[in-house]
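Input sequences plus hints: build the corresponding full structure.
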Amino acid sequence: MSVPRKPAPRTPFARPRRVLLASVTAAALLAPVAAFPGTANAAVFAAGHAPKAPVHLTVGDRAEPLNVEGTPMFGWRPRDTDPGEVQSAYQIVVKAGGRKVWDSGRVASSRQEYVPYAGPALAPGTAYTWTVRTWDRTGKKSGWSRPAAFETGLRDQDWQASWIRRTTAEADDYTLARKDIAVGRSRVVRARVHIAASHQYALHINGEVVDRGGTFSYPDDGFYRTVDVTDKLHEGRQATIGALYHWYGSGQGRPKGEPGLLMRLVIEHVDGERQVVVTDGTWRVARAHWKAAPRRNGDGGDYVEQIDGPAEQRGWDRPGFDASGWAPAQVAGAHPTPVFKKLQAQEAGLTYTNVRPKKVTRLASGALVADFGTVIPAVPVVRFRDGEAGRHVDMDAGYVLAADGSVSRSKSDNQNTDLSYGYTQRDGDQTFRAFTYEGFRYFEIAPDAGVRPEDIGAVVQHTDVDLSRTARLRTSDSGVDAVFDLMRRSALYGSQTQFMDTPTREKGQFLGDSADVSLATMGAYAERRLSRQAIREFMASQARYWTDGRLNAVYPNGDGRRDIPDYTEMFPGWVWSYYEQSGDAATLAEAYPVMANVAGYVRRHIDSGTGLVTNLEGGSGQYRYGIIDWPATMRYGHDMDTAARTVINVLGVDVFNSAARTAEALGKKDEAAALRREAVTLTEAINARLRRASDGVYIDGLKADGSQSAHASQIANAYALAFGVAPAEGRSRVLDHVASLGMRMGPFTAHRLMAALADRPDDFVTRLTDREGHGWGNILARGGTFTWESWDAPETGQSHSHPWGATSLAEVQRTLLGVAVTAPAGSAIRVRPPATGLDRAAGTVPLQRGDVSVDWRRRGDALTLTVDVPVNVRAEVHVPARSAAGVRVSGQARFLGMRDGHAVYETGSGRVTFHQSR
1 MSVPRKPAPR TPFARPRRVL LASVTAAALL APVAAFPGTA NAAVFAAGHA PKAPVHLTVG
61 DRAEPLNVEG TPMFGWRPRD TDPGEVQSAY QIVVKAGGRK VWDSGRVASS RQEYVPYAGP
121 ALAPGTAYTW TVRTWDRTGK KSGWSRPAAF ETGLRDQDWQ ASWIRRTTAE ADDYTLARKD
181 IAVGRSRVVR ARVHIAASHQ YALHINGEVV DRGGTFSYPD DGFYRTVDVT DKLHEGRQAT
241 IGALYHWYGS GQGRPKGEPG LLMRLVIEHV DGERQVVVTD GTWRVARAHW KAAPRRNGDG
301 GDYVEQIDGP AEQRGWDRPG FDASGWAPAQ VAGAHPTPVF KKLQAQEAGL TYTNVRPKKV
361 TRLASGALVA DFGTVIPAVP VVRFRDGEAG RHVDMDAGYV LAADGSVSRS KSDNQNTDLS
421 YGYTQRDGDQ TFRAFTYEGF RYFEIAPDAG VRPEDIGAVV QHTDVDLSRT ARLRTSDSGV
481 DAVFDLMRRS ALYGSQTQFM DTPTREKGQF LGDSADVSLA TMGAYAERRL SRQAIREFMA
541 SQARYWTDGR LNAVYPNGDG RRDIPDYTEM FPGWVWSYYE QSGDAATLAE AYPVMANVAG
601 YVRRHIDSGT GLVTNLEGGS GQYRYGIIDW PATMRYGHDM DTAARTVINV LGVDVFNSAA
661 RTAEALGKKD EAAALRREAV TLTEAINARL RRASDGVYID GLKADGSQSA HASQIANAYA
721 LAFGVAPAEG RSRVLDHVAS LGMRMGPFTA HRLMAALADR PDDFVTRLTD REGHGWGNIL
781 ARGGTFTWES WDAPETGQSH SHPWGATSLA EVQRTLLGVA VTAPAGSAIR VRPPATGLDR
841 AAGTVPLQRG DVSVDWRRRG DALTLTVDVP VNVRAEVHVP ARSAAGVRVS GQARFLGMRD
901 GHAVYETGSG RVTFHQSR
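Quick note: the sequence shown, position 895, residue 895 per this note's numbering, numbers continuous.
Simulated from the structure, these hints should not be mistaken for laboratory data.
Only true hints are included.
So the derived label-pair ranges between C-beta atoms look like this: (1) H56 <-> G139: 21 to 29 Å; (2) E312 <-> D156: 32 to 40 Å; (3) A118 <-> D308: 55 to 63 Å; (4) G236 <-> D308: 34 to 42 Å; (5) A169 <-> L666: 44 to 52 Å; (6) E772 <-> D404: 25 to 33 Å.
Simulated pairs of lysine to aspartate or glutamate, DMTMM-like, Cα-Cα distance not exceeding 20 Å: (7) K359 <-> D455; (8) K291 <-> D394; (9) K52 <-> D851.
Even glycine gets a Cβ: it sits at the ideal position worked out from N, Cα and C.
The following block contains the structure:
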């Protein structure tokens, strides 16, 4: 049978019909502006000013990174005051100590992201500078950018250091390690510490914590960080370098590994002297002042922190401390060892922010309860100004308050997690600070602890992003605004050195959660590094555990090989979305073999009789053959007694389509064509066998005997719409069915519902803001400040801090603000305000190439739309109108024609306003 041409899939970011590795070309915007009714400046873009020097120079999306490994990937932001400008060429120069290492020469290209270094091999652990200049569409060149720096990382053989640890059998190991050094007499010009630890560390120099990190990876494939400590070391003085490391066995998202600390300090002096200090048997170690305590739960496996103030060895990290009573470090072996085989530079970092409670209440009991206003991923910090030796203070964090105003200790309120802390005081002024973050909103300190309200605080941590580029949205509906803010904050707070399912219970990097949250962090913060790291980690899971094309459901993890079939199916679409947002062709190429293996996994489970994916092997218990939605109450009666499930089959179509797009982008035309054919064939089978004959609505699947399920869930139908499987002639009936059900999908999958509702903005807004039924509006109405694991979390004891509910942020940007990416790196976008649902919306969306701003307002039948587009980006703007004569343009735009009741224009960089009056 023939299949009608299906519309573009409603995924979080628009997927172009044809995408090449090359981004938008200069020629696309060099065309003259044709004179059409209502268009202003209808003339060829005049040759204007020379472009300004580029800014925002990055290597691998990092400003001045200290541990670049592999081929450096350069990025920058071209600048130009002229409208409609693009970059037509660039030139990069790399130097080492003033000596030119590589000059790219003038390269005719609009590419400004992930431009690979192509010079001679770079030395490890070496500092380089680079600069770039660009040419505009008329051939005028900019000045050179200010030089930016980057440094290369270490190969495994470059460390020349040993892994050390304290000899102990403790399951929760807090160890101090230190070494005194004499800094040379010549002025210090550069000093770097390269450090790795299992599992967490705090790096100390001369009494100051200069870095914190976590490496929840497999010991044979770990991460290290590089820290600039130049201003911490002074010529001719004694110095102490040390670390507090914390190893605590296996947990969800944390392989067991072994305790260990590895460090290499390199000090360079102005006279050419070079000092190198490494971890070895000369270091001294001691037990830190944490008491033995029980685990918080059986998932993430964190331990309750009970800290012994009198046992703290004050001054241990300063010169002059007497460490004669400390033990020599146990040497586990020179890196690489049989256990610690490989290290790679960690690109994703953390940002730490000190915060104060919004309110502190003293209860009748005398206890203090601090309210931080929202759920935060943080460590609590409490100053005790007048400590009494031996006085023990109990403290409890939590998500909600009990009826008497105290922090609820109920397991059902706190994700089955013990969020207690304890501190034993010594005499005098001192500060309690926990080491491992948890999620909480409230923090209670027991009576008679000698604490003042102003002495309570916390340190919030989240993945390192440029907060100055945070996406913004304000609309005519305050409910929409509040939900957007909720999603944006939840996505950030759920992102650490890995994507977390929750910052409290499991703390695991689940594949389904990561694919979801990544879409939100990219849309809200232009985040790239954590997404890229996570994609690569899940690629590694296939190599470590799966020869049949599957990927681990959690990775890294403490329980080995474990999968969920539909999580594996989500991976190719996630990679493609990352490429659309970033333009990172190198990672796309690296991921393609893994995506092809996933396609093979799906292909092998297609039944020859029905043409459907049947009993897709994987998972166990309630996850076997596919999780569909989670928790189980969020399935809303979905028929799990099906062999060929509609959701699994639709995701199979997306596997083939995403792999095909990738093959096409990589120039693998034959492979792309074959994958496209498989997608079409599977789509035909779905539409032939998984719809009701009476109305074309999708049922949940086929039973083992081939009969249709009697249940037609919202998720089965929303997926068919969101992924473009539903044929054009039947979409309206399917959409009617989906909309009639309200919200019957969980936070994990609800972004697909929102994608399905994109053509009905009124329904879209209702689902976002409904304060009575299930959804985000109800979370807010019930006092929630973080997206939940399920809409019924308070009743079922599920997580009150699950960032997977933030994913619909990308759909809000696309549907209500009207901005969709249509070419890699955001080199081309579409702006199309919704026809209904809101009267106005204004906001910014951070793209790879800069921030796009949109402000649209509707008054009666009239619409005013203003777009501000970055240099080197092309925007296709859709203005609702009967004809171009009804549109007045302020700025430069090219009329492309009428399409679906819209006058369509193309514009380049700069600000353009469209006034539609009829």
